[in-house]
Amino acid sequence: MTMKLISKLDELNHKMYGTDFLLTWDKNDAQINATLTTAQILKKLYESNINCKVFKSGLAVSNFRDNSTRTRFSFASASNLLGLAVQDLNESTSQIAHGETVRETANMISFLTEVIGIRDDMYLGEGNKYMREVGDALDDGYKNGVLHQRPAIVNLQCDIDHPTQSMADLSHLITYFGGVEKLKGKKIAMTWAYSPSYGKPLSVPQAIIGLMTRFGMEVSLAHPEGYDLIPDTLKVARDNAKKSGGSFKHVKTMQEAFDGADIVYPKSWAPFDVMKKRTGLLQSKDIEGLKKLEKECLANNAKFKNWECNKAMMKNTKGGKALYMHCLPADISGVSCKEGEVSADVFEKYRVDTYKEAGYKPFVIAAMMLLAKFKDPAKVLASLHKNRMA
Amino acid sequence: MTMKLISKLDELNHKMYGTDFLLTWDKNDAQINATLTTAQILKKLYESNINCKVFKSGLAVSNFRDNSTRTRFSFASASNLLGLAVQDLNESTSQIAHGETVRETANMISFLTEVIGIRDDMYLGEGNKYMREVGDALDDGYKNGVLHQRPAIVNLQCDIDHPTQSMADLSHLITYFGGVEKLKGKKIAMTWAYSPSYGKPLSVPQAIIGLMTRFGMEVSLAHPEGYDLIPDTLKVARDNAKKSGGSFKHVKTMQEAFDGADIVYPKSWAPFDVMKKRTGLLQSKDIEGLKKLEKECLANNAKFKNWECNKAMMKNTKGGKALYMHCLPADISGVSCKEGEVSADVFEKYRVDTYKEAGYKPFVIAAMMLLAKFKDPAKVLASLHKNRMA
Amino acid sequence: MTMKLISKLDELNHKMYGTDFLLTWDKNDAQINATLTTAQILKKLYESNINCKVFKSGLAVSNFRDNSTRTRFSFASASNLLGLAVQDLNESTSQIAHGETVRETANMISFLTEVIGIRDDMYLGEGNKYMREVGDALDDGYKNGVLHQRPAIVNLQCDIDHPTQSMADLSHLITYFGGVEKLKGKKIAMTWAYSPSYGKPLSVPQAIIGLMTRFGMEVSLAHPEGYDLIPDTLKVARDNAKKSGGSFKHVKTMQEAFDGADIVYPKSWAPFDVMKKRTGLLQSKDIEGLKKLEKECLANNAKFKNWECNKAMMKNTKGGKALYMHCLPADISGVSCKEGEVSADVFEKYRVDTYKEAGYKPFVIAAMMLLAKFKDPAKVLASLHKNRMA
Chain B
-9 MTMKLISKLD ELNHKMYGTD FLLTWDKNDA QINATLTTAQ ILKKLYESNI NCKVFKSGLA
51 VSNFRDNSTR TRFSFASASN LLGLAVQDLN ESTSQIAHGE TVRETANMIS FLTEVIGIRD
111 DMYLGEGNKY MREVGDALDD GYKNGVLHQR PAIVNLQCDI DHPTQSMADL SHLITYFGGV
171 EKLKGKKIAM TWAYSPSYGK PLSVPQAIIG LMTRFGMEVS LAHPEGYDLI PDTLKVARDN
231 AKKSGGSFKH VKTMQEAFDG ADIVYPKSWA PFDVMKKRTG LLQSKDIEGL KKLEKECLAN
291 NAKFKNWECN KAMMKNTKGG KALYMHCLPA DISGVSCKEG EVSADVFEKY RVDTYKEAGY
351 KPFVIAAMML LAKFKDPAKV LASLHKNRMA
Chain S
-9 MTMKLISKLD ELNHKMYGTD FLLTWDKNDA QINATLTTAQ ILKKLYESNI NCKVFKSGLA
51 VSNFRDNSTR TRFSFASASN LLGLAVQDLN ESTSQIAHGE TVRETANMIS FLTEVIGIRD
111 DMYLGEGNKY MREVGDALDD GYKNGVLHQR PAIVNLQCDI DHPTQSMADL SHLITYFGGV
171 EKLKGKKIAM TWAYSPSYGK PLSVPQAIIG LMTRFGMEVS LAHPEGYDLI PDTLKVARDN
231 AKKSGGSFKH VKTMQEAFDG ADIVYPKSWA PFDVMKKRTG LLQSKDIEGL KKLEKECLAN
291 NAKFKNWECN KAMMKNTKGG KALYMHCLPA DISGVSCKEG EVSADVFEKY RVDTYKEAGY
351 KPFVIAAMML LAKFKDPAKV LASLHKNRMA
Chain D
-9 MTMKLISKLD ELNHKMYGTD FLLTWDKNDA QINATLTTAQ ILKKLYESNI NCKVFKSGLA
51 VSNFRDNSTR TRFSFASASN LLGLAVQDLN ESTSQIAHGE TVRETANMIS FLTEVIGIRD
111 DMYLGEGNKY MREVGDALDD GYKNGVLHQR PAIVNLQCDI DHPTQSMADL SHLITYFGGV
171 EKLKGKKIAM TWAYSPSYGK PLSVPQAIIG LMTRFGMEVS LAHPEGYDLI PDTLKVARDN
231 AKKSGGSFKH VKTMQEAFDG ADIVYPKSWA PFDVMKKRTG LLQSKDIEGL KKLEKECLAN
291 NAKFKNWECN KAMMKNTKGG KALYMHCLPA DISGVSCKEG EVSADVFEKY RVDTYKEAGY
351 KPFVIAAMML LAKFKDPAKV LASLHKNRMA
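The listed protein sequences derive, respectively, from chains B, S and D.
According to the working numbering, the first sequence is numbered sequentially starting from -9.
According to the working numbering, the second sequence is numbered sequentially starting from -9.
According to the working numbering, the third sequence is numbered sequentially starting from -9.
Since the hints were made in silico from the structure, they are not lab data.
A couple of the hints might just be wrong.
Repeated chains share a single entry, so a pair holds when one copy, or any two copies, can fit it.
In the BS3-like style, the derived pairs of lysine-lysine whose C-alpha atoms are separated by at most 25 Å in a straight line are [stated by the list, open to error]:
1) K339 to K172
2) K275 to K34
3) K369 to K133
4) K34 to K46
5) K43 to K376
6) K46 to K376
7) K34 to K365
8) K365 to K43
9) K267 to K46
10) K34 to K133
11) K(-6) to K328
12) K46 to K369
13) K190 to K267
14) K281 to K295
15) K369 to K339
16) K275 to K328
17) K133 to K339
18) K295 to K311
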């Protein structure tokens, strides 16, 4: 079974060696397929207690510019599984505050580094740009002989995409429905939901509509007026849907999106315009302005408390039995907040499913690392499998 | 010699596979014995420069909800010795502040995790409860297929017990007196001592009286009026003493406890009542109330400055030569504070002994990990020993 | 080629086993040579993708009492390369604030520790002293049977020297000029340069004049009046120059130092007197005094803005083509600050060189670790090289 998957990987013309994983829509179908397949293989090897340390040594640098539990532990687990040691780049205890350039830091942390994982999701227009800047600096360092190897960058969430999340979500759907080909025609509702907090990144909904539209799914996006996503990401979704034979619909209510859905993904985010304003205020350190914006935004949010995924809302879905998804942690009404994204009974019904969904992330990240750093990943994996008795 | 210890371990019917180590009094004699023996074996293997990496890969998560040097480094050393990578769960840079449930966090950090070490000693009635809550969540995750393996929890100090400390202390006593059977009839004085700080946890004295009463020792507990321990832990000590043929006495003065003692363990702690009040104030974030309580408590402490372990006090012990013990760091009069738990000359005399006492902790923790995670630990250890030439 | 270097190392009578690396001028020529050679060998092994994990397990403790990016990652990389796991000693989350003695902490963190790396450069008269105090405590612990092995200390920058930096700088010069014997007669200008910050340590210029004078180089030191270094370090430089057949000149202007130089190392530092005052103010936590001192010092700095390494200044050097060096991050005019140590065009011309210069540090640190911890390092390295096909 594992050997079959390895053969499948071997046949894919993915050419991911030496590449970064920044946006799923930068990757062609063979590459998405190779990532999913490699994640599956690594999960099987791990569950068979097979040693997966493909690196002799080396650092995996994590640069979290925002809080994280799941992704931090997923990155640490993936690194450890493959034989790398995690080293955090903590910008407050480093020299970075002294005005060091991105170009310089990128090289200074990379002399014996294989992978750099970056989370930078707070500043609209900045996060992905920063990752590319780091990548350019690494190219420059490698080309000029500063670096003996070119570390691969893994996007652990930016302002535009959250590829390790959406790829884990996709892995979960494939397992749940019994194969990627079963996703064709399935309806997924990516909707906004009420939360008593503000300023949540747009990257998850953008990631979902940008990825799920590639598999012939019917993707519905819904949010209150004004809670727009980055316009370019809607274009990506539309184009993907056209190519894959699926559809992408932008509707106005949670009900409409949920109607007949096989899968629902209700999740709060901040309006695009608010995020733009917020980015400016954060950059100018305008504390008063930020407080005012938060107050306005929370007041606006409060108009949409009925955007809650509860039992009544779930009745709109196919047979009332759609699969509920969330990147976690969810704002659960009566549990983690007074009123939130999802009612306690709906969340509890799908709780174990959401945990399993999260469980794919370490293997997705490990797959991205392996594919970027080994010329012949199928051969490497076959060799692990062969040595399983060692 | 090492093979003899391995054979001894093999004969113990300990059944520790798949269990957490939360309280020593939850463990039967075979289990305590297995832990001590495994720690001894690992120490010997390490000192013979034998590779002890029994895990192929995997994380050891440390969750320190209070400061730590010794235990942090002991946990890191134990993890590293067995082949695990430490990953700190830092609650301030995680999503936990966002209202994530304990159940969820426990699963999210555990996908490729073998061991979770927790220190939670600040809130009376909370620390051990929290560890059990994490344990229940892991059981639930494992049962439901969220987790491929069930990480073992090691209590790195809670409100009730400090098992890695007391087991290290016990290992020290066994070595010092030349065998566990030599402890029978030895008198140990666990006494309060003056410190210019307040709010020190009760877990060490509780751990000591709960563990040392199992070996036929004569355990004396002494503290000023009002500096009570959790009443349940005294019942544990009394019951253990009865079963082991030792004794447990609750006396009123340091002199009385020290009288004829073979071992003394003078250490400051806060009164049970104060810790209860403090827990309430901490939970309600009542800064003023905390300051007031600290002031009152320090004033009360100051009445008992004569509870110092000095030369004159030591003369009460057997031949004036009792072994002095401490979990460290001690408040040493004239060194780390003006007036404290122990005089500088007494501490200096036993300084190296206290350091050796601390040196058992990494191996005790490693033993707890190994016994919880391997079905046949004796076989695993025998195989390490056999491969020693590799 | 690698085997030739290993043979060369084997012939050096360095006797570095069991020693700390605290000051380059505590090391004899064979020891400096052994360190350079081992760093070179490890770099070659690493670049040949040869497994360099010479430790079965063990911790490498890092104790950064000041910010760091480069040195932190270099230490982490070196540790990882050799098979050690990094454990940070974070003094704020440890028990150290509770008045624990240096002697005790040193032992408590060392039970399974192979190396301790320390940066302590803020307090004049304190940093190196602290390292020696830690070393004495480790000797005591090892002698008394507290520690099974004596961890080696690596000075990651103190108040007096910055040996991992100067040894990396030296490695860079040897590669750049094609051999250590080519350094004879080369002129290097170690000069102060303007920076809009104050309180930068003296350790880099002191390290450079103390090391480069050993190779027959002509070392020129220049700084504005009052910006003296620790007088003892000038004596070291003078004595070294005499022995090596080089020279050490203390001149008054950047121009004079640059005149005919093959290498320039322009870098800001605080005056010795200011650092002494600052140490006192830091120790007494005199915030107002520190602010006042900073203001005065910045005002004084501002008188010397013409101490900038720019195109015009570089024209003074040999053929206008001296190699520019810096420990990074540099204060680059118009890039990281308005006016700084170096103009943007000069820095850009030598940017890749300075990055390569930094790239030697991980291997220099790994060499220091290996030489201190293995009785026969040449044999260990030969065995790695021999097993390269494994």
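**Item:** Unsatisfied constraints (hint numbers, rising)
**Value:** Of the numbered hints given earlier, those the structure breaks are 2, 3, 9, 11, 15, listed in rising order.
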